[in-house]
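Number of protein chains: 2
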Amino acid sequence: MNAFNVSEHMQALGLQAKTAAFLMARADAASKNKALKALARRLREAGPALAVANQKDLERATAAGLPAPMVDRLKLTPKVIETVAQGCEQLAGMADVIGEIIGMKQQPSGIRVGQMRVPIGVFGMIYESRPNVTIEAASLAIKSGNAAILRGGSEAIDSNKALAVLVSEALAEAGLPVEAVQLVQTTDREAVGQLIAMPEFVDVIIPRGGKGLIERISRDARVPVIKHLDGNCHVYVDDTAEFEMALRIVDNAKTQKYSPCNAAEGLLVSASVAEDFLPEIAAIFAAKGVEMRCDPAAAAILRESEALGAVNPPAKIVDAVESDWYEEYLAAVISIRVVAGVDEAIAHINRYSSHHTDAIVTRDHVHAQRFLREVDSASVMVNASTRFADGFEFGLGAEIGISTDKFHARGPVGIEGLTSLKYVVLGQGEVRT
Amino acid sequence: MNAFNVSEHMQALGLQAKTAAFLMARADAASKNKALKALARRLREAGPALAVANQKDLERATAAGLPAPMVDRLKLTPKVIETVAQGCEQLAGMADVIGEIIGMKQQPSGIRVGQMRVPIGVFGMIYESRPNVTIEAASLAIKSGNAAILRGGSEAIDSNKALAVLVSEALAEAGLPVEAVQLVQTTDREAVGQLIAMPEFVDVIIPRGGKGLIERISRDARVPVIKHLDGNCHVYVDDTAEFEMALRIVDNAKTQKYSPCNAAEGLLVSASVAEDFLPEIAAIFAAKGVEMRCDPAAAAILRESEALGAVNPPAKIVDAVESDWYEEYLAAVISIRVVAGVDEAIAHINRYSSHHTDAIVTRDHVHAQRFLREVDSASVMVNASTRFADGFEFGLGAEIGISTDKFHARGPVGIEGLTSLKYVVLGQGEVRT
Numbered sequence: 001m002n003a004f005n006v007s008e009h010m011q012a013l014g015l016q017a018k019t020a021a022f023l024m025a026r027a028d029a030a031s032k033n034k035a036l037k038a039l040a041r042r043l044r045e046a047g048p049a050l051a052v053a054n055q056k057d058l059e060r061a062t063a064a065g066l067p068a069p070m071v072d073r074l075k076l077t078p079k080v081i082e083t084v085a086q087g088c089e090q091l092a093g094m095a096d097v098i099g100e101i102i103g104m105k106q107q108p109s110g111i112r113v114g115q116m117r118v119p120i121g122v123f124g125m126i127y128e129s130r131p132n133v134t135i136e137a138a139s140l141a142i143k144s145g146n147a148a149i150l151r152g153g154s155e156a157i158d159s160n161k162a163l164a165v166l167v168s169e170a171l172a173e174a175g176l177p178v179e180a181v182q183l184v185q186t187t188d189r190e191a192v193g194q195l196i197a198m199p200e201f202v203d204v205i206i207p208r209g210g211k212g213l214i215e216r217i218s219r220d221a222r223v224p225v226i227k228h229l230d231g232n233c234h235v236y237v238d239d240t241a242e243f244e245m246a247l248r249i250v251d252n253a254k255t256q257k258y259s260p261c262n263a264a265e266g267l268l269v270s271a272s273v274a275e276d277f278l279p280e281i282a283a284i285f286a287a288k289g290v291e292m293r294c295d296p297a298a299a300a301i302l303r304e305s306e307a308l309g310a311v312n313p314p315a316k317i318v319d320a321v322e323s324d325w326y327e328e329y330l331a332a333v334i335s336i337r338v339v340a341g342v343d344e345a346i347a348h349i350n351r352y353s354s355h356h357t358d359a360i361v362t363r364d365h366v367h368a369q370r371f372l373r374e375v376d377s378a379s380v381m382v383n384a385s386t387r388f389a390d391g392f393e394f395g396l397g398a399e400i401g402i403s404t405d406k407f408h409a410r411g412p413v414g415i416e417g418l419t420s421l422k423y424v425v426l427g428q429g430e431v432r433t
Numbered sequence: 001m002n003a004f005n006v007s008e009h010m011q012a013l014g015l016q017a018k019t020a021a022f023l024m025a026r027a028d029a030a031s032k033n034k035a036l037k038a039l040a041r042r043l044r045e046a047g048p049a050l051a052v053a054n055q056k057d058l059e060r061a062t063a064a065g066l067p068a069p070m071v072d073r074l075k076l077t078p079k080v081i082e083t084v085a086q087g088c089e090q091l092a093g094m095a096d097v098i099g100e101i102i103g104m105k106q107q108p109s110g111i112r113v114g115q116m117r118v119p120i121g122v123f124g125m126i127y128e129s130r131p132n133v134t135i136e137a138a139s140l141a142i143k144s145g146n147a148a149i150l151r152g153g154s155e156a157i158d159s160n161k162a163l164a165v166l167v168s169e170a171l172a173e174a175g176l177p178v179e180a181v182q183l184v185q186t187t188d189r190e191a192v193g194q195l196i197a198m199p200e201f202v203d204v205i206i207p208r209g210g211k212g213l214i215e216r217i218s219r220d221a222r223v224p225v226i227k228h229l230d231g232n233c234h235v236y237v238d239d240t241a242e243f244e245m246a247l248r249i250v251d252n253a254k255t256q257k258y259s260p261c262n263a264a265e266g267l268l269v270s271a272s273v274a275e276d277f278l279p280e281i282a283a284i285f286a287a288k289g290v291e292m293r294c295d296p297a298a299a300a301i302l303r304e305s306e307a308l309g310a311v312n313p314p315a316k317i318v319d320a321v322e323s324d325w326y327e328e329y330l331a332a333v334i335s336i337r338v339v340a341g342v343d344e345a346i347a348h349i350n351r352y353s354s355h356h357t358d359a360i361v362t363r364d365h366v367h368a369q370r371f372l373r374e375v376d377s378a379s380v381m382v383n384a385s386t387r388f389a390d391g392f393e394f395g396l397g398a399e400i401g402i403s404t405d406k407f408h409a410r411g412p413v414g415i416e417g418l419t420s421l422k423y424v425v426l427g428q429g430e431v432r433t
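Sequence lines, in order, name chains F and A. Take the first sequence: its letter number 37 is residue 37 in full-length UniProt numbering, and every next letter is one higher. Take the second sequence: its letter number 191 is residue 191 in full-length UniProt numbering, and every next letter is one higher.
Note that these hints are calculated values from the structure, not bench results. Built from N, CA and C at the ideal position, the CB exists for glycine as well. Watch out, some of these pointers could steer you wrong.
Okay, the calculated bits of chain A under chain F, using three or more residues with CB under 8 Å as the criterion [unchecked claim]: (1) 20 to 30; (2) 112 to 126; (3) 141 to 149; (4) 246 to 256; (5) 379 to 385; (6) 389 to 395; (7) 418 to 427.
Non-contacting residues of chain A with respect to chain F, defined by C-beta distances greater than 10 Å in every case (computed) [stated by the list, open to error]: (8) Q16; (9) P48; (10) A172; (11) A174; (12) P177; (13) T187; (14) R189; (15) R216; (16) V273; (17) P279; (18) V318; (19) Y352; (20) L372.
Using the sequences and the hints given, assemble the complete structure.
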């Protein structure tokens, strides 16, 4: 009955993507922007058709007994569609970085040497549930002059197929190859294994999803992976921190939203201010129902704090265990530790953090500079909430993911992370002697 | 008898390197430069001691019947030592890029966001024969603030050990951790397998050697690899090329040296000039004994050429087979093909080249721009010899290798290729709303 051959399908997608990538690399900015604007328009026009496709996914998910929050994430509401349409228009309005040449300098031999930004080629994107990622990835592929092969979650297959049709139409309307963005047409998991093992067609894999998925892909991939593992982010409150600022930043970093990877999971407080600071932040956490997993020093301060005895609901103070320092809770839980000062804070972060985003609150210039330089994380902040670690907040204009790697792209990955720099040499007949 | 445990040795090197890397990342420019200058001085002073160690390697190599060119490459002559000593001094004179912050811009939220250049951490270097690479790698590690674990060729083990002692002494003299540069103390091949599979200690592997070594390492490594596969480089002579310039560049690219990876292995000539150009370049090649593997069109032109009939020694014209277009000869052999024009030249190169270095000789601005943009190679040149693809000629000040990858570093890799950019955020108490 099932005559569909996954391997043949993936090979065909790979070959078509490779061919399309060559044409996309040559495409001028006007054509790419035309495709992005056409995609925005078609998204808005296709509302009713998208709703029909999306309804199929939602019914299947509900019938399968998926939890309500997961069903919610599948929904292509008019608001979600408008947001991705606007995202396409914003990308269309951005300058095209492809072909830019940087650092052109004359060398002693007479040749001039610089670097030209070019697309990477073909990227494979593997993601879960939310169908709007299909449009985000497609629009980034178009703007960056790459080709993409998209493998969305099986729960969203009908929505993704409907969205992929709009992408193809928009590409065709702009005179660009429709194979520049292709959706894997099967939910067979074998397709993922194939996609990550085609170095002849695919230049880089970008997985978005749970830690298990990303570890599995990193282990098995035969091409480079832009990895985003976990976000165990910290805020360190230094001796000279302004209390009001520190309370605002720690509160925001932990409680503004619990689920993002850039939310804080650990609070470090300098011993010199711990007795004053901890009860104040704990009162805020208690009011919001945030559980506090404390080291002995922090626990002692909080359990003895009279102020905290009076809060309602009562503060949830729990003794931390070693594994707490590694944990990405993504929930109303935070680990708290008293440290001797900036040295111990840096040492704790470099040992336990996931190298995603860590912040210091301080007035001390030397401590700020040391923290910036010595904390080995993708984003390091002074006097700002970790929640800012995001491609849009960083001014990248778009974000395909956040890398916790040091290689190639680090931190929020925008268009530039989908490009490489090749050397260009301009001579007048020079030869090597 | 052999109580030496390779696995324990490698784990110890890894842990020590990781610790040293943290201190190296913090080291100031003055200390790093002091170590480099001390290393240069110690290299010059140690001449006699190095000669004794080197003699052991040479005697072992000769006894083992190694071919004379391979024995030559092992030699630590006074000239070789002076060259690497000068290399250390040049690095000491270069600006320190670690800690530099680029692109700091204010965002709508009020935060300022930029990127700081930091060391990658620990790199593992795997190389063959030439012991001077030990000093090149060590000095680049010191300047870039990384730690390095060096695995040299077994033939050079005594020389490498003697050199590694000088590096340790120079680090100690400058107050830097001696474990910042460590030499693997065994020639057991198991050590390589261990080194490439310690992601907890090693951030990147840089192999230098034959294609077989690099393919094996790329396949088995559990950390990123800065790969340099082969150099199948091309020169394309366009319709409007100035003949004198084209002859000079093609001759230089092929014959100035046969063994470097940036030597040309393929010549493409536009059909409109092939009848005039090919006999002239063939006369030069014939005089130098370069064998020409020709497609039917080129072969026909050359075999009918009266001019060529007269050269002495007689030109070696051979019919090319498909595999010739892929070949990195590293010898007095070149493949030659007549193409319809710039489009076919680009298509040939993108299909057969190893994406290392390719050049066009032309007066045509549009063809030059298309070649620069569309040829998918690490270095793309107009009117210059491919032999310029080199870290020193490109002004990088040093070179740890040449990458034929698109990911992270592409083309000649200098200090910057051993660094990563992390985001730094400077706030005044901003939080996310």
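Run the C-beta distances from A172 (chain A) to all of chain F and say if the shortest one exceeds 10 Å. About 23 Å separates A172 (chain A) from the closest Cβ of chain F, which puts it past 10 Å; holds.
| task | Check whether three or more residues of the segment 379 to 385 of chain A sit with their beta carbon closer than 8 Å to a beta carbon of chain F. | result | holds (count 7)
Checklist entry - Do at least three Cβ atoms from the segment 389 to 395 of chain A come closer than 8 Å to Cβ atoms of chain F? => result holds (count 4)
Least C-beta distance between Y352 (chain A) and chain F, which was stated to exceed 10 Å: holds, 14 Å
Hey, does R216 (chain A) actually stay past 10 Å from chain F on C-beta? holds, 14 Å
**Message:** Closer than 8 Å Cβ to Cβ for three or more residues is the test here. Does the segment 112 to 126 of chain A pass it with chain F?
**Reply:** Held - the segment 112 to 126 of chain A has 5 residues with a Cβ nearer than 8 Å to chain F, which meets the minimum of three.
Query - 8 Å C-beta test of the segment 246 to 256 of chain A against chain F, three or more residues - result: holds (count 6)
Within the segment 418 to 427 of chain A, is the number of residues with a Cβ closer than 8 Å to a Cβ of chain F three or more? holds (count 8)
Could you let me know if the closest chain F CB is still more than 10 Å away from the CB of A174 (chain A)? holds, 19 Å
Q. Taking the closest pair, is the beta carbon of V318 (chain A) still more than 10 Å from chain F?
A. holds, 26 Å
Just double-check L372 (chain A) for me: nearest Cβ-Cβ distance to chain F has to come out over 10 Å. Check fails; 5 Å does not lie beyond 10 Å.
Practice task
Confirm or reject the statement that P48 (chain A) sits farther than 10 Å, beta carbon to beta carbon, from all of chain F.
Solution key: Label holds. Min Cβ-Cβ 34 Å, cutoff 10 Å.
Checked against the numbered hints listed earlier, the structure breaks hints 3, 20; every other hint is satisfied.
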